[in-house]
Structure formats: structure tokens, C-alpha cells
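Protein chains in written order, with my numbering: chain A, 84 to 466; chain B, 957 to 1163.
Hint data in this document are derived by calculation from the structure and do not stem from the laboratory.
Treat the hints with care, since some could be wrong.
[Stated by the list, open to error] Selected chain B positions facing chain A (Cβ under 10 Å, derived; list incomplete):
id, residue
1, Met1009
2, Tyr1070
3, Leu1072
4, Lys1085
5, Thr1087
6, Phe1093
[Unchecked claim] Straight-line distance between alpha carbons at most 25 Å, and here's what the computed DSS-like set of lysine-lysine pairs gives:
id, chain 1, residue 1, chain 2, residue 2
7, A, Lys95, A, Lys348
8, A, Lys95, B, Lys1037
9, A, Lys348, B, Lys1037
10, A, Lys348, B, Lys1083
11, A, Lys414, A, Lys95
12, A, Lys185, B, Lys1045
For clarity, every value in this text was computed on a predicted model and none was experimentally measured.
We put the beta carbon where it would ideally sit given N, CA and C, even for glycine.
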Amino acid sequence: METKTLVALLNKAFLHTSNIISPLGFTTLENFNSVCEGKIGMKNHTFNNASYCTSVVDTDLLDNNFSIQTKSNPKEFTRLEKMCILSVQDIMRHSGIDVKDKRTLFIFSTTKGNIDLLENNQSNIPADRIYLHETAQVISTYFGFVNKPLVVSNACISGLLAIIIAKRLLADNQYDYIIVTGADVVSNFTLSGFNSLSALSSSVCKPFDKNRKGINLGEAVASVLISKEQKDNCVEIVSGCSANDANHISGPSRTGEGLYKCLQKVLPVGFIPGFINAHGTATEFNDEMEAIAFSRAGLQDIFTNSLKGYYGHTLGAAGVLESIFCAESLKQNKIIASAGFEEQGTSVELNIIKKTENKKSTSCLKTASGFGGCNAAVLYKLN
Amino acid sequence: MGNYILSYSKIAANCLWHNGKLISKSAETAAPSTILEDSYKSLNLSYPKFFKMDSLSKLGVLCAEPVLKDEPVNELFAKEKTAIVLSNKNSSLQTDLAYAKTMRDFPSPALFVYTLPNIVTGEIAIKHKITGENAFFIEPAFNAELLYNYTEMLLQENDAALCGWLHIDEKGCEGFLYFVAKQPAGEGKKSNFIRHNPDSITNLYIN
Chain A
84 METKTLVALL NKAFLHTSNI ISPLGFTTLE NFNSVCEGKI GMKNHTFNNA
134 SYCTSVVDTD LLDNNFSIQT KSNPKEFTRL EKMCILSVQD IMRHSGIDVK
184 DKRTLFIFST TKGNIDLLEN NQSNIPADRI YLHETAQVIS TYFGFVNKPL
234 VVSNACISGL LAIIIAKRLL ADNQYDYIIV TGADVVSNFT LSGFNSLSAL
284 SSSVCKPFDK NRKGINLGEA VASVLISKEQ KDNCVEIVSG CSANDANHIS
334 GPSRTGEGLY KCLQKVLPVG FIPGFINAHG TATEFNDEME AIAFSRAGLQ
384 DIFTNSLKGY YGHTLGAAGV LESIFCAESL KQNKIIASAG FEEQGTSVEL
434 NIIKKTENKK STSCLKTASG FGGCNAAVLY KLN
Chain B
957 MGNYILSYSK IAANCLWHNG KLISKSAETA APSTILEDSY KSLNLSYPKF
1007 FKMDSLSKLG VLCAEPVLKD EPVNELFAKE KTAIVLSNKN SSLQTDLAYA
1057 KTMRDFPSPA LFVYTLPNIV TGEIAIKHKI TGENAFFIEP AFNAELLYNY
1107 TEMLLQENDA ALCGWLHIDE KGCEGFLYFV AKQPAGEGKK SNFIRHNPDS
1157 ITNLYIN
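Work out the full structure: start from the sequences and follow the hints.
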């Protein structure tokens, strides 16, 4: 029995200091406060002579911050890399972890990385930075990590999957400290692609609402330090997994098969989480699929929100950004309104949070789903 | 105890191999698209969806076919507990470039949906109804250590995994997939199977 307890303790992993770089702030606190005040990142921006409702970080603000905070030349890095460096630097400043330690790992999660290099040839940026591992290596080298970065690119579950992978690596005792950074920028490439699929909403997106018209794309970088250290008021990654629908490469399963499988695996029998932070992209099919999966798992009455109404869909950053919000919500006793929601819009009625208010929860469920039929879920618990 | 590689396949240097046996051979000068089509024919596949796929997905589906249809693999196929762990260097760059070319005039949704590396994971999952864990890693070169480590962790809670490397660029394609499971089906066959470790994975990849 004693051995068993010891193993269980060793297997634990916790979310620690974090950072979010987005139009709503350059720290986790700024972002969390902005969202609690109901601020929204999306505005109309012009890309390639067309107007899109997107959540984009101001370039001058980014470059100024980058110059002041890092003393490095902003011209040597892409927009995405600058956001990543600022984000990881904030983690470094608050954690003091040793990047030279073989037991420290940097995990980079992205879907498209520096995809904007495909069309805007930037003479100051070497062409090989289009490779995701090169981008990760540039960020890693900047800080001097001795370990090679681990790059996860698994569509829209990338960020959440990176956190699950971090937990597994810690549980397997391969590392002591892992920084997970999720990152994607808004580009002509992704805008035109989602537009070609008729998946973009021309106005601010409305997850789970009856009148939802599709997604907004957003850009963000989110980083979190994960370790086995248990501190007061910190959030534990209790369990996490992924599953494939084996149904369609660009449409979710009508029965929410993969997501339901994740929920079954992640939630202990009879366990009800305090709230659910769903994927909630505001496409007709995604939100409907989630509603079906949640109800199949008996979770339709649980408080549920989506953060896409504040940030848009930040692709490879979403799982990390939203997990940080889960942790802050638990720590600060808040439940956050699902921005854009007015009227029930799924075949199964969900308990969507309409107002941000103080409410204590000790656990929450985070889910994500993406192209390629992938799904992921994590159960977080406040210690 | 320990995990075993029950079956493996490779598309490299204009050939498709399964468990070391030559299945298909294209002309020395054959383009990747021809190598993939020749392999499709040699496997006697009849799967119309194949022709809608991008090259990365075709490469993955073709490598997966003989492995997942292999007798010992088929016997212990627990689809919910089979993971798919893949890796490459370029993500979906070839298709990204192809899509970018269409962007100015008529952006192609049919191409755009393939501009993620894990779409091939979905294609393999759909064809073989595999609903387990997924992960796609981007590495500068084939990394047996990473695949081994991650798969071993997954096998603590899962039955099996299809793993490997699927690389495609303007010069050619290189696919290597193998199936790892906890226990080979039938004790008597055990000697035929390869122990799962970084060295054995590297050997199968190189040879």
C-alpha cells in the first residue's frame, strides 16, 4: 500500500506560473482581468484587401515591448517568435528555472508556426524558419535550453495535447520542469483557408448560440510551467487523454464519438466537474458535436463556457491559453461568461455561463477537438 | 514482459517493403506521385478516397495498409486502445505550398483541409477504425528515441500503437511505420517478433 501511495504522488503534475500574450494583455493577469471585464479581442482587420473579424496583437505594441523587455533586435525574429520569446521570458522571470538542466524541457505547440513566411519573404529571416522545429529551436536557443525542444503539431488539440504529453513525461520521471508554449498567428494563409471552407464569421463569433455563424481567427501565445511540485493554491493536471473519431478529416463526428471516449477516460465514474471549458469554436457542427458528447457523458447541466468569444480561435495556442484560464478561474473563484452566447443553439440544452461571477469550484474539465478527427480532454483540480 | 514490434513497412528509394519483403518497385527515376500510385496498385487497394488525399496522407495510408492487415496485428486489434504516434520534419509543407498557390485566385478548400500534419493520422484512423490516442511530433530528423519513449508511456495504459515517420518533400518521399504491442498473439510466434527499443527501431528504419 505504501509503495502505491508513493507512486501516485510521483505521478502528479501541476500548472504553475503562466503567461498569455494576446490583444487583451501581455501577462496572464492582464488577460484574465480583461476577460472578467468583458473585453473582447476581435476587431475588423484588413488582410489581403479584405476585412476580417479577427483578434490580432498590435505590431507596434509588440515590437516596443519586445525591445524594452528583451534588449534584442525585433528585426531578427518573426512576429510569432517575438510573442513566444516575450511569453517564455515572463515564465523565466517568475520561476527561475534552470534552462541548462537536462531535466528541463521546452514543448512547443503550434499548427502553422511561421506560415506567413510563405508569402512575405522577409530578407532578414532565414527561409528555413518555415520549419516548425526551426522556429522552436530559435526560441529554445534564445533562452539557452540544453535539451532539444519537443514540437507537437496536432491541429486544434495541439496545446491541450502538449499539456497531456508534459504530464506523461513528468509522471514517467523523464523531466522535473516543463514549459509548454502554444502559439499561432493570424495569417493570410489561415484566413483564406478557413474562408474557403465558409467557416469564418464576419462578426464576433457566438459559441453555442442559436445564431452562431462560424469562427473568428485569433492570435496568441500562451505558456505555462508544469512540474511535480505541489504548492498551495495550485492546479493539478489530474488526468488527460486524446482520442480519434475515425469518422471524417474536417468534420466532427455527429455523435461526438472521440470526445465522448475522452470524457469516459478522463472523468472518474460518477465524478462531476465544477465547470467545463469547452472547445466551442462557434461553428454549427463543432458546438453541436460537443453538446452531444457532453450530454452522453451526463454533463449537460454543468456550467459550461467557451473563450472563443473573447479571443477567437487561436489554433495551437488555444489549449494552453484556455487551460491557463481554467487554472485562474479555479484559483480566483470565478466562473467566466461565455461571450457571444444569448440563446440555446444546440439540440441538447447546455448550461452555458451567461455572467462572469464569483463562484467557487474545485475542479474543471477542459476539452478540445480538431481536424483529422482528433479530440482531447483534461481534468484540472484545485489543490 | 516488454513490448514487441509485430509488423513494419517502408516506402523509400522507389520501393514499398513490408517486414523486409519487397511489395512494390517503381522505376528509378519515378516521381513520388508515381511511387505512391505503384504502391497502391501492388497492394490491390480499392479505396476511392485515396485519390482525394494529399501525398503525405497517401504515403501514410499506403505504409499503414500492410502493417494493419498483417495477421498478428489483425488478431489483437483493439481499436480503442491503439494509438497512432507519427512524426516528420516538414509538417504539411508540400501541401501548404500547393494551397498557397491557389490562394490568390481560387483558394482550394480541398487542399486547405490537408494543410495539417495530423490529417494523415485521421485518414489512417478512418480507414482502419482506430480510435485511440494521437500525437504528431515535428523533428528535424527521424528520432527513434522520442517515438520509443512516448510509445512506451502510452502502452502503460493502451494495448498497441502504430508509430513512425512520414516525410515528403520536393525530392522524394520516405515512409516508415511499425506496429508495437504489449503481447504478441500466440506464444509460439514470439521468436519472430522484434523487441521494442530505440536500437531495433533505428535498425528497421535504416535497413
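Results of checking the hints against the structure:
1. Taken as an interface hint, Met1009 (chain B) checks out: its beta carbon lies about 9 Å from the nearest beta carbon of chain A, inside 10 Å.
2. Residue-level restraint check for Tyr1070 (chain B) holds (minimum Cβ-Cβ distance to chain A is 8 Å; threshold 10 Å).
3. Checking Leu1072 (chain B) against chain A by beta carbon gives a least distance of about 5 Å; that is within 10 Å, so the hint holds.
4. About 5 Å separates the beta-carbon of Lys1085 (chain B) from the nearest beta-carbon of chain A, less than 10 Å, and the hint is met.
5. Checking Thr1087 (chain B) against chain A: minimum C-beta separation of about 5 Å stays under 10 Å; hint holds.
6. Checking Phe1093 (chain B) against chain A by beta carbon gives a least distance of about 6 Å; that is within 10 Å, so the hint holds.
7. With a CA separation close to 17 Å, the supplied pair Lys95 (chain A) and Lys348 (chain A) stays within the 25 Å bound.
8. Using a Cα cut-off of 25 Å, the hinted pair Lys95 (chain A) and Lys1037 (chain B) holds, with the two alpha carbons roughly 23 Å apart.
9. Between Lys348 (chain A) and Lys1037 (chain B) the alpha-carbon distance is near 11 Å, which keeps this suggested pair within the 25 Å criterion.
10. Between Lys348 (chain A) and Lys1083 (chain B), the direct Cα distance comes to roughly 24 Å. Compliance with the 25 Å bound is thereby established for this hinted pair.
11. Taken as a hint, the Lys414 (chain A) and Lys95 (chain A) pair is honoured in the structure, with Cα atoms around 18 Å apart against an allowance of 25 Å.
12. Between Lys185 (chain A) and Lys1045 (chain B), the direct Cα distance comes to roughly 24 Å. Compliance with the 25 Å bound is thereby established for this hinted pair.
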